[in-house]
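Each protein sequence line maps, in turn, to chains A, B and C. If you read the first sequence in this note's numbering, its first letter stands for residue 1, the second for the next number, and so on. If you read the second sequence in this note's numbering, its first letter stands for residue 1, the second for the next number, and so on. If you read the third sequence in this note's numbering, its first letter stands for residue 1, the second for the next number, and so on.
Hints are computed from structural coordinates only; laboratory data are not their basis. Take the hints with a grain of salt, since some may be wrong.
Unchecked claim - Not everything, but these chain A residues come out facing chain B in the computed CB check (under 10 Å):
1. 79
2. 101
3. 159
C-beta: ideal position from N, C-alpha, C; glycine also.
Letter by letter, the chains look like this.
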Amino acid sequence: MDQKIVLEASGISKSFPGVKALSNVSFALRKGEIHALMGENGAGKSTLIKVLTGVHERDEGEIRLSGRVISPKSPQEAQALGISTVYQEVNLCPNLTVAENIFIGRHPRKRGLIDWETMNRESERLLDRLELDVDVRQPLSHYSVAVQQMVAIARAVDISNGILILDEPTSSLDASEVSSLFKVMRKLKQEGLGIVFVTHFLDQVYEVTDRITVLRNGEYVGTYETEQLTKTELVSHMIGREWNETDAKAGAAKEIPTGGEIFLTAGSLGKRGSLHPIDLHIRKGEVLGLAGLLGSGRTELAKLIFGIDKADEGTLTISGEQLADMYPQKAIQKGLGFTPEDRKVAGIVGELTIRENIVLALQARKGLFSYIPLRKQKEITQHYIDLLRIKTPSGEQKIDNLSGGNQQKVILARWLATQPKLLILDEPTRGIDVGSKAEIRKLILDLAATGISILIISAELEEIVQCASRIIVLRDRIKIGEVSGESMRENVIMEMIAKGAEVYGDSDGIGA
Amino acid sequence: MRSLTSKISHNNIIVLATLLLLLVLYGSGAALYTGFFSLQVFLNLFIDNAYLIIVATGMAFVIIKGGIDLSVASVVALISMVSAALFRQGASAVIVILASLAIGTLFGFGQGYLIQRFRLHPWIVTLAGMFLARGISFMISTESIVIDNPTFVMLSQHKIYVWEDGFINVSVIIAAIVVVLAILAARYSAFGRAVYAIGGNEKSALLMGLPVAKTTILVYTLSGLFSAVGGIVFTLYMLSGYSLHLMGMEMDAIAACVIGGILLTGGFGYLIGPTLGVLCTGIIQTIIMFQGTLSSWWTKITIGFLLFLFMAFQRLIVMRKEKSTIPISKNQPKFENKVVNL
Amino acid sequence: MAILTALAHRLVKQKLIWPLLAIAALFLFNLIVIPEFYRMEWKDGHLYGNLIDILKNGSPLIIIAIGMTLVIAKEGIDISVGSVLAISGALAVMLLDSYPLWAVIGAGLTVGLLCGLWNGMLVALLGIQPMVATLILLTIGRGIAQLITGGQVLTTSDEAFQFIGKGHLLGLPFPIFIALGVFLLTYLFKTRTAFGLFLEAAGGNKTASAYAGIRPKVIFMTAYAITGVCAGIAGIIISSNVASADANNAGLWIELDAILAVVIGGTSMRGGRFYLGGTIAGTLFIQALTTSIYSLGVEPSSILLVKAIVVIIVCLIQSDVFRQSFILSKKKVAQR
Numbered sequence: 001m002d003q004k005i006v007l008e009a010s011g012i013s014k015s016f017p018g019v020k021a022l023s024n025v026s027f028a029l030r031k032g033e034i035h036a037l038m039g040e041n042g043a044g045k046s047t048l049i050k051v052l053t054g055v056h057e058r059d060e061g062e063i064r065l066s067g068r069v070i071s072p073k074s075p076q077e078a079q080a081l082g083i084s085t086v087y088q089e090v091n092l093c094p095n096l097t098v099a100e101n102i103f104i105g106r107h108p109r110k111r112g113l114i115d116w117e118t119m120n121r122e123s124e125r126l127l128d129r130l131e132l133d134v135d136v137r138q139p140l141s142h143y144s145v146a147v148q149q150m151v152a153i154a155r156a157v158d159i160s161n162g163i164l165i166l167d168e169p170t171s172s173l174d175a176s177e178v179s180s181l182f183k184v185m186r187k188l189k190q191e192g193l194g195i196v197f198v199t200h201f202l203d204q205v206y207e208v209t210d211r212i213t214v215l216r217n218g219e220y221v222g223t224y225e226t227e228q229l230t231k232t233e234l235v236s237h238m239i240g241r242e243w244n245e246t247d248a249k250a251g252a253a254k255e256i257p258t259g260g261e262i263f264l265t266a267g268s269l270g271k272r273g274s275l276h277p278i279d280l281h282i283r284k285g286e287v288l289g290l291a292g293l294l295g296s297g298r299t300e301l302a303k304l305i306f307g308i309d310k311a312d313e314g315t316l317t318i319s320g321e322q323l324a325d326m327y328p329q330k331a332i333q334k335g336l337g338f339t340p341e342d343r344k345v346a347g348i349v350g351e352l353t354i355r356e357n358i359v360l361a362l363q364a365r366k367g368l369f370s371y372i373p374l375r376k377q378k379e380i381t382q383h384y385i386d387l388l389r390i391k392t393p394s395g396e397q398k399i400d401n402l403s404g405g406n407q408q409k410v411i412l413a414r415w416l417a418t419q420p421k422l423l424i425l426d427e428p429t430r431g432i433d434v435g436s437k438a439e440i441r442k443l444i445l446d447l448a449a450t451g452i453s454i455l456i457i458s459a460e461l462e463e464i465v466q467c468a469s470r471i472i473v474l475r476d477r478i479k480i481g482e483v484s485g486e487s488m489r490e491n492v493i494m495e496m497i498a499k500g501a502e503v504y505g506d507s508d509g510i511g512a
Numbered sequence: 001m002r003s004l005t006s007k008i009s010h011n012n013i014i015v016l017a018t019l020l021l022l023l024v025l026y027g028s029g030a031a032l033y034t035g036f037f038s039l040q041v042f043l044n045l046f047i048d049n050a051y052l053i054i055v056a057t058g059m060a061f062v063i064i065k066g067g068i069d070l071s072v073a074s075v076v077a078l079i080s081m082v083s084a085a086l087f088r089q090g091a092s093a094v095i096v097i098l099a100s101l102a103i104g105t106l107f108g109f110g111q112g113y114l115i116q117r118f119r120l121h122p123w124i125v126t127l128a129g130m131f132l133a134r135g136i137s138f139m140i141s142t143e144s145i146v147i148d149n150p151t152f153v154m155l156s157q158h159k160i161y162v163w164e165d166g167f168i169n170v171s172v173i174i175a176a177i178v179v180v181l182a183i184l185a186a187r188y189s190a191f192g193r194a195v196y197a198i199g200g201n202e203k204s205a206l207l208m209g210l211p212v213a214k215t216t217i218l219v220y221t222l223s224g225l226f227s228a229v230g231g232i233v234f235t236l237y238m239l240s241g242y243s244l245h246l247m248g249m250e251m252d253a254i255a256a257c258v259i260g261g262i263l264l265t266g267g268f269g270y271l272i273g274p275t276l277g278v279l280c281t282g283i284i285q286t287i288i289m290f291q292g293t294l295s296s297w298w299t300k301i302t303i304g305f306l307l308f309l310f311m312a313f314q315r316l317i318v319m320r321k322e323k324s325t326i327p328i329s330k331n332q333p334k335f336e337n338k339v340v341n342l
Numbered sequence: 001m002a003i004l005t006a007l008a009h010r011l012v013k014q015k016l017i018w019p020l021l022a023i024a025a026l027f028l029f030n031l032i033v034i035p036e037f038y039r040m041e042w043k044d045g046h047l048y049g050n051l052i053d054i055l056k057n058g059s060p061l062i063i064i065a066i067g068m069t070l071v072i073a074k075e076g077i078d079i080s081v082g083s084v085l086a087i088s089g090a091l092a093v094m095l096l097d098s099y100p101l102w103a104v105i106g107a108g109l110t111v112g113l114l115c116g117l118w119n120g121m122l123v124a125l126l127g128i129q130p131m132v133a134t135l136i137l138l139t140i141g142r143g144i145a146q147l148i149t150g151g152q153v154l155t156t157s158d159e160a161f162q163f164i165g166k167g168h169l170l171g172l173p174f175p176i177f178i179a180l181g182v183f184l185l186t187y188l189f190k191t192r193t194a195f196g197l198f199l200e201a202a203g204g205n206k207t208a209s210a211y212a213g214i215r216p217k218v219i220f221m222t223a224y225a226i227t228g229v230c231a232g233i234a235g236i237i238i239s240s241n242v243a244s245a246d247a248n249n250a251g252l253w254i255e256l257d258a259i260l261a262v263v264i265g266g267t268s269m270r271g272g273r274f275y276l277g278g279t280i281a282g283t284l285f286i287q288a289l290t291t292s293i294y295s296l297g298v299e300p301s302s303i304l305l306v307k308a309i310v311v312i313i314v315c316l317i318q319s320d321v322f323r324q325s326f327i328l329s330k331k332k333v334a335q336r
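Here chain A stands alone, though its shape is the one from the complex (with noise of 0.2 Å):
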């Protein structure tokens, strides 16, 4: 392999206000390989390429593009020097066409003019090469997230010179768009192109790294060559302890309470186009952990459960009343609580107090009018505070200042605040630490105790495993089995998911 380094930082640092997001970190790019870029969320992945692109500006440090140094100030400036980067998100304007969005601040001309011909042209050229078949000149809006990706690696690799960053690309990709796309790196790598590859997927990076750098609360770990580290090894350099084996297969094996009367039924709950017919008990006390990949159905069912989105069949019956239609307040009111996926969007209203965040679903149910005395207020705040040792000065604070992990602390008491009698937890510890994630898990396995149930949603096959007593799995929005006791483990499940259908007709005998 040419071992000539095309991209190299040294001894970065960055801090923004309160938060120094890198300190001395390191990282190498080589001609022709692809480079993984790992690390836990907070690491300092994303400060680093956004320092490399030039979206933010280094504090310290050195950045050499074959040699030369460099400080791009902008993303133009970076592009314009050959650094060209995809992010997770698609960056690119719907409203655009496909062609467009290629070839955007860079048109071909003709006589001064925008020559919407040639562009066309060289686009589908372009999309060609990566085997992707679309109309370039339709808005890119109509095109599915995987193929709107594509065209932004397409933009990338046409700009870049000699170096792509790829910044978690297949996070929205499914298994043959993910194979597909790494075909294209390859190619890309024969042609002699460094490539910066972040992802989370150990699998992916095994499948087509060549080395892997690990950041770790923004500092530099090291760099490995990927053949001669194992996937135990660079899970420990992440998250910087060794990993236990068994942490993972706790608390698998639980009763499952079959005495305690049945809460919620769904009888065959579904909508067009978002689940397919679905029924599902909960009863009391009971965790109920729903399996699937993201879009499988887990959060759609969830959401017509809690009446965010209105089922067009099926029926819903709780504490053996039928209700007719759903909404949340509805729900709230029967005494459902809901977690949602995207804290951010979702859960926290970020500029109000931990107080405020605590008391709203309470409020909401009591109504407009049956104001709760600031003194009550502060009473349940500083109970759920102690109860759940969500880590701040006062109730006072602006949740906007907590830490992942206690903002979900502080979601979880708004809804306990409710005493409600059914939890619904959609993805309760994404993106929080590991200590918060323990803590969180557990607090889950206690309020089951204390009659609550709950119905859990994870990516986190370890995750769902640990805390449920029974689990729904979910694939292509239908549900596609049921696995409890011993057969409720993590390989069942992959398998299941894997599998789908072919598993379905045996998934009883799982089950039993």
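Using the hints provided, position chains B and C relative to the given structure of chain A.
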């Protein structure tokens, strides 16, 4: 059928609706009132509204970029006032025109700079701009000043015959040039495309390396310049300077953009739209004039009603689009890879 | 973290301090330059003077700005208040010939409420941008007002009606009491019911509040409805004060003053937290500025110019970017 519906994007639907409205309005005017269907009545639409076409076209760029400019009417009034004052001082027409263009451009640049550099709300900044321009006009004089500069009077009265005895004037030519240039700039210049890109998604535009800051400032500068050109044309039309000229005209310009199919959320619309929008409101005014007994405030009510219709229409299209484009929406299936390891 | 708390507290307080400081500076300036500004007179059992004038003339603006505070807290805006005010005033004066006073007032308030609900419907239900949605009523409203007045300035000689705008109570002009009443009612509505919490939550994060069981649409409708009623009250006061209804000029540009007052008062145009007290201080500052300019003998036409400059300065001071680049500030600045 599928290919047909996909070709009529919502961009086109609104413009088609505007054209249809234009035909219906014009047709009903022609059917109801004798003398309505004459060439000169039609040409007068352009003569009477040339300034508004120019100003609305400038506004269109701002709206497509995702902003707003409330100062346009005040800038037009300011230009009329400055022109009148300069003429009274004995300045020549050339100087007056150059000064007007410079004032408009600088004014727009200032607003754009404040909005971009300090991330201020365009609403507030251009509102202040509106106060400022009117305030300066008031300072110059609170009275109306008549303009008798021979060049301006000549330009104002010069008739250009287009067909037999139907005529237009210099202002219409200027407006036509401005609109054609705007259409070309929007479609065929890097600046124009950047405006659309920023209106579509500003963050993306930034990350794609487009000169967002420069474009934003330029858009407001352009709006200022167009207001100045509109101001000159309006001054030719009125031959007077008055600080209370065109109170509330910024709303007419916005209305023209909306009726002309420019989405207020930014990113969509054709630059011919404002002209069509202005013609619609112009025809309504003409109809009310021909009708004779209806008072002028019916114009306001009708335009407001049209504004409502078109806005509701825009919303419906956007809502339908949000529902139909499958993968953009969060509720719809996406695929994710296994996250079992961590 | 304790320092952060203290800082946060200080910042909240600062919101009110800014407009108060501005007023203080203005008054100090007046004290030196035009001492007669402060002269008060007791005549026929009524108090007169510039300070009283500020309160009296500022009353309609205070009432409208209170409503505006609520819609701005929802990250909205209502630019139609001036037109709604004109409609309500015109309707009141027109009905005065044939109906009793209470019905007239009721009609004025009802039309304000209807206009508010219309705006609320466009914004909350149809999801049209607030500025644009209220633009419709701004345009149509004056037309409707003119329709009511028949294009003329309607006058009235009804003494009971004129008391609303011109009368005195306890030696003070009556509008002051109306403004005070509106403020107290709104303040109680904010602090004694969950409305304040719901509005701040929904204005801060609509999705999250909907998930928590609040109905943002209802809250937003309420905010617009209140604003409409406020405009209706202001319309009656203004038309009563001048004993006439002028469809063209009544409340012209008052929406701009109201927005300015709210922003000076510390409520952010981005929605969320709102400060009624700040709004009052902001309004008083604007009114004091206007009155001072008049008594300085400067041409009234320059008021617009001064206001424009004040708007820019206030916005610049509130701009994070500006403070970061020109004033050393420890406040966290959103990274872009």
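Do the hints match the structure? See the list:
1. 79: Status holds, d = 4 Å.
2. 101: holds (8 Å)
3. 159: Hint on residue 159 (chain A): holds, closest Cβ of chain B at ~8 Å, below 10 Å.
The structure is consistent with each of the numbered hints, conforming to all of them.
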